[in-house]
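There are 2 protein chains.
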Amino acid sequence: MKIGFIQFVPKFGNKKENIAKIKKLVKNNNADLFVLPEMCTTGYMVASRKELISMAESIDGPTVQSLIDVARKNNTCIIFGLPELFGDKVFSTAVVVDPDGVIAKHQKSHLFLKEKIFFNQGETKPTIFEWRGAKIGLGVCYDYMFPEYWRVLGLRGVDIFCNTANFVFDYGFKMMQARSIENGVFSITVNRVGVERGQKFKGGSEIVDNKGNILAKGNDTECVKVVEVDPTISRNKKWNEYNDLFKDRRIDLYKEDY
Amino acid sequence: MKIGFIQFVPKFGNKKENIAKIKKLVKNNNADLFVLPEMCTTGYMVASRKELISMAESIDGPTVQSLIDVARKNNTCIIFGLPELFGDKVFSTAVVVDPDGVIAKHQKSHLFLKEKIFFNQGETKPTIFEWRGAKIGLGVCYDYMFPEYWRVLGLRGVDIFCNTANFVFDYGFKMMQARSIENGVFSITVNRVGVERGQKFKGGSEIVDNKGNILAKGNDTECVKVVEVDPTISRNKKWNEYNDLFKDRRIDLYKEDY
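Residue numbers (the working numbering), protein chains in the order written: chain A, 2 to 259; chain B, 2 to 259.
Some clues are possibly wrong.
Note that identical chains are pooled: a pair holds if it fits in a single copy or bridges any two copies.
[Stated by the list, open to error] BS3-like mimics (lysine-lysine), calculated; alpha carbons at most 27 Å apart, straight line:
id : residue 1 : residue 2
1  : Lys16     : Lys175
2  : Lys136    : Lys74
3  : Lys239    : Lys115
4  : Lys51     : Lys175
5  : Lys218    : Lys24
6  : Lys74     : Lys24
7  : Lys201    : Lys175
8  : Lys201    : Lys25
9  : Lys212    : Lys117
Just so you know, the hints here were simulated from the structure itself, not pulled from any lab data.
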């Protein structure tokens, strides 16, 4: 299975241009699964909830429809972030589209900095979908900080963690590597690049295998990386003849307190 | 508070020489707390349970008494690993001694490789003690792999994680850095050096602050490093005006599955 990331510079507020760029980058590359950054069709550095709502759309809206078209034309699956309007709420949501439409979504569980003012806290439970034989789990950016979140996904049998992100600090990749290692699961962590309203985003997107080895790494400019993997090797949690990452857990010692 | 590690080459089976070395290294340095490697009074690469038992001692035995003497003469606290004989069981145990005696112990919760054959699985719950105003939590080596373990210690208010280790793989430091970051807790992770029965130990011991910054790092030879810190800053879990590492946890989303 070919899995990849698309790390690019969204133009703030210019959905048309951003969607055109995504269309071009997906067309010019070949993968079964592409992961894109958080809020990559709108840009991220909103100044107010009002401005955020002006850019947000429902899952039934034209942005998601455009991305379904891209997935259909290229016979692929695309995970991307957008501000999701849902009644009077707005979530930072990872949306998954394939040639048939929307197959999953995850609303960011853990909001960071001023997102706590502008966004609503996600209401979706840790979210999993299946695609071409792989079980894929979703997270958005600062969700990386909470091992509980990824453990739930790991214990439910996820093969690949996908984190669609806009990192303003340097912790994200180190923590997603740890999530891969402790759960024995591949991960794709995608950070945008470019400067937006004074905030620099440094790229460095990563694809990591189920032992924590880095299979592909972005630089600090626009780039696309694709690697071929067998994600189902994640299902074997044995590290050696004696150790199994999940069976070795000592629930008897710590579960009651957790 | 001055916290440090002592990274050295134990001689296999030579308790007398190992204890003499510890005595010298503690005397020649100055700290409130020294962390030493796993099984550092006996060496680690045992070939059988029988050999292990021949080197093991109870907490009331002469090795622990010698280390209490060292702690008393230097008015300090020492955390070190030894094979603990307890009835017909043997544990890989982190023992804590101060001038008054043994103040805590933790039996390795998660055994690695052939330890599963030679040792008994630890029976102590995640263990905490207080020393000179700091709350300190204990782990042994491969315990690093399990975020649940350290989360229990973090949620109970630990300021410093201490991991007494003999690393045969390279994951330990990366994972202990992640444990520091996700819990906002200092950590001291001590690996031995030297080659024993064909197994190389690479040192690289680390003291990490409550944001994951490396304050001291060992090389691959014998060394002692001490840094002065205020461990109680760990008690503030706020990362910024909006985020708090513990309050941000979305127990509502994942606890039932964990």
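Right, here's what the structure says about each hint:
1. Lys16 with Lys175: For Lys16 and Lys175, the Cα distance exceeds 27 Å both inside one copy (31 Å) and across copies (39 Å).
2. Lys136 with Lys74: within (23 Å within a copy, 58 Å between copies)
3. Lys239 with Lys115: Only across copies: Lys239 and Lys115 sit 14 Å apart there, 41 Å inside one copy, limit 27 Å.
4. Lys51 with Lys175: neither (34 Å within a copy, 41 Å between copies)
5. Lys218 with Lys24: within (22 Å within a copy, 47 Å between copies)
6. Lys74 with Lys24: within (10 Å within a copy, 72 Å between copies)
7. Lys201 with Lys175: This pair counts as both: shortest intra-copy Cα distance 19 Å, inter-copy 26 Å.
8. Lys201 with Lys25: Close inside one copy (24 Å), not across copies (51 Å); limit 27 Å.
9. Lys212 with Lys117: between (34 Å within a copy, 21 Å between copies)
Hint compliance for this structure: hints 1 and 4 are not met, and every other hint is.
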